[in-house]
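K.L.:
Note that the protein sequences, when read in sequence, are chains A and B.
Numbering follows the numbering used here, with no gaps: position 267 of the first sequence is 295.
Numbering follows the numbering used here, with no gaps: position 382 of the second sequence is 534.
What the hints contain is simulated information worked out from the structure, not anything from laboratory work.
Possibly wrong hints are sitting among the right ones.
One-sided excerpt, in silico: chain B residues whose CB lies under 7 Å from chain A [as the list claims (entries may be wrong)]:
| id | residue |
| --- | --- |
| 1 | Gly178 |
| 2 | Pro182 |
| 3 | Glu183 |
| 4 | Thr184 |
| 5 | Pro187 |
| 6 | Gly325 |
| 7 | Leu338 |
| 8 | Arg339 |
| 9 | Val342 |
| 10 | Ser343 |
| 11 | Pro345 |
| 12 | Tyr455 |
| 13 | Gly456 |
Fair warning: this is a prediction, and the values are worked out from it, not measured in the lab.
C-beta atoms are modelled at their ideal positions from N, C-alpha and C, and glycine is treated no differently.
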Amino acid sequence: MKAALAAAPRDTVSAAIQAAAARGRPALVGFLTAGFPTRLKFKDNLAAVASVCDVVEIGVPFTDPMADGTTVQRASFVALADGVTLPWILEELKSLGERHAAPILLMSYLNPLLKFGLEALPRAAAAAGVAGFIVPDLPFEESDDLKRALDREGLALVQMVTPVTPPERLAMLCRDAQGFVYAVTMTGTTGTPKGATEVPPDVLEYMDRVKRCSNVPVCAGFGIRSREQVARFAGHVDGVVVGSALVEVLERGEDVRAFLRSLREPP
Amino acid sequence: MNSLPRTAAATVGFPDARGRYGAFGGRYVPETLVPALDRLQAGVERYLNNAEFQAEFNHELKTWAGRPTALSAAPNLSKRWGAEVWLKREDLAHTGAHKINNAVGQTLLAKRLGAKRIIAETGAGQHGVASAAAAARLGMPCVVYMGAVDVERQSPNVGRMQLLGATVVPVTGGDATLRAAIDEALRDWVSDPNATYYCIGSAVGPHPYPYLVRELQAVIGREARAQMLAQAGGLPDVAVACVGGGSNAIGLFHPFLGDTAVTLLGVEAGGRGAGLGDNAASLTRGTPGVLQGSYTLILQDAYGQVRETHSVSAGLDYSGVGPEHAYLMKSGRVAYESATDDEALDALAECAKFEGILPAIESAHAFFGARRYAQAHPGARILIGCSGRGDKDMPILQRTLLKDLGR
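Model the full assembly from the supplied sequences, consistent with the hints where possible.
P.N.:
Structural data, given as structure tokens:
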């Protein structure tokens with residue numbers, strides 16, 4: 029499958045987002061916690077998310093998810109109690125009959141990656157079809173070791189930026205960004221509902237600023253849960269990340285595909 | 153023992169510009185907090201050694217917090233142990249423990265940085281009480297995150313915090329102890345990084361906190377060192393402190409690092425045994441990893457998941473430890489061992505009965521470590537950091553020591 033001249037895995041992430049944007053809509057990046065609500069259902073849930081989303085983010089559960097709100101915390105603790113581990117996630121992905129068209133990113137706090145070993149991680153992740161990582165507790169200044177390791181397999185380390193990132197720092201973070209720039213919509217944890225579903229003008233202005241700095245696509249994330257919000261972001265960013273809202277759909281046992289489609293088009 | 157040289161130069165120069173103590177330390181936080189930590193760093197550089205700040209800090213410590221705290225001879229423990237025992241009495245400091253030193257210093261800094269509110273985490277409640285008191289004095293609102301398990305076992309401190317005007321938020325997630333409280337405080341801070349000041353209670357977390365807390369707590373060791381010279385006529389052979397996150401230990405040890413003849417001994421919580429989950433001995437039983445902003449030694453499983461801990465003392469019940477302690481252990485300058493729940497309670501009872509001092513259960517770990525040292529080194533001159541008083545521990549002492557007495 030992999031031709032000698034094939035693009036690095038991280039480029040498939042940018043390409044998938046750009047392809048959606050080229051069709052005139054923000055790309056949809058869907059997040060699910062691995063093995064939530066049960067390990068047994070992981071592959072089915074993943075397939076459902078991948079069938080609608082342009083990129084899939086799989087959350088590696090962690091005992092101390094300091095950047096996550098209550099929904100993802102809860103999902104993480106359930107998954108951990110069910111025995112979900114990083115090696116298990118990679119095995120599950122490796123054993124998929126057919127790879128999903130949507131590129132897969134792993135979102136993990138740093139410690140589970142360190143324990144797996146930065147030597148072994150890139151090869152194992154690439155073999156499982158993972159295109160890159162998002163590490164919420166790893167700021168740019170501490171990221172050299174992981175970035176160098178992931179480079180060996182052409183995997184992305186996705187950079188986050190926030191509304192309180194000063195301009196010079198924003199420029200620096202965007203300059204080296206891989207895959208896409210993850211523009212956090214607000215100061216806060218994942219899933220935090222702030223002002224229900226509206227998107228204030230200053231958030232869009234901030235997205236425009238990020239967009240001007242970045243050579244790779246920009247996706248907005250944190251607190252996005254409605255079609256109205258997604259529509260507001262259109263034209264300002266290349267994609268949106270939907271996390272906690274999707275995890276809540278999984279938690280309630282509702283139709284994942286229907287929910288994700290509803291973010292794009294009227295029901 | 154190892155043969156690494158115990159020189160001042162090997163230890164006093166840290167942290168480096170990146171907040172590292174050798175391999176340990178650093179700054180592992182969400183991007184949202186990076187500008188806030190940069191501002192804190194700039195504030196620390198601008199104010200910490202500034203004469204006006206130091207004057208106000210020292211004035212508050214002296215006229216409000218009750219410093220300097222006494223150095224007490226412990227004649228009865230000395231006789232019983234066959235040693236010369238001295239106690240650095242942080243239990244006499246305002247609010248009942250060394251925590252007040254750090255809380256006063258950080259709230260003064262927060263004020264200068266323009267913060268509108270103070271948040272803090274607490275385990276035993278001592279740092280929460282100290283933060284609430286310092287915030288009340290400076291007229292700033294204060295929110296304290298406290299694990300639900302600790303709210304129950306350290307209930308006298310919850311009421312104290314409330315009387316001091318703080319809002320106490322019980323944390324039920326995770327292990328519902330100190331680690332979960334820190335996670336929740338970090339989430340609060342991520343939500344409001346500009347107006348909120350996170351007053352962290354131990355020498356843990358992302359740079360510059362371990363450095364800042366050490367500098368504010370080093371008053372313990374500076375006083376103790378001068379008092380030993382004046383009262384005992386010389387430096388101790390060994391200084392002993394309990395280690396949870398490690399703020400009282402680093403505060404006591406740091407001014408002695410250059411005194412290579414002084415052995416430094418940290419005592420961790422050995423809990424009910426050696427198994428993972430049965431203790432809180434991150435230094436003696438942990439492995440390297442990243443927890444709550446810092447690369448340090450942590451108690452974790454084979455998949456990098458942080459393990460719950462057990463200790464009879466809420467203040468030591470933590471899966472990580474300050475990065476400088478990890479470095480001081482690797483460098484060989486400080487020796488670390490542990491005392492079990494029962495050993496600590498036994499040492500607490502002995503000190504109370506024979507010296508008329510009820511130490512905190514945390515501090516009692518240091519007393520046990522000191523007694524063990526005395527047994528191996530007859531006649532030694534021993535300085536014990538009595539980091540806090542045990543009044544807050546009455547609910548747990550009712551269920552343990554007092555129950556055994558049949559009361």
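K.L.:
All the hints need checking, so say for each whether the structure fits it.
P.N.:
Checked hints:
1. Gly178: holds, 6 Å
2. Pro182: holds, 4 Å
3. Glu183: holds, 5 Å
4. Thr184: holds, 4 Å
5. Pro187: Given a least distance of 5 Å, the restraint on proline 187 (chain B) holds.
6. Gly325: holds, 6 Å
7. Leu338: At 4 Å from the nearest chain A Cβ, leucine 338 (chain B) passes the 7 Å test, so the hint holds.
8. Arg339: holds, 5 Å
9. Val342: holds, 6 Å
10. Ser343: At 4 Å from the nearest chain A Cβ, serine 343 (chain B) passes the 7 Å test, so the hint holds.
11. Pro345: holds, 6 Å
12. Tyr455: holds, 4 Å
13. Gly456: Constraint on glycine 456 (chain B) satisfied, holds at 3 Å.
Consistency note: the structure conflicts with none of the earlier hints.
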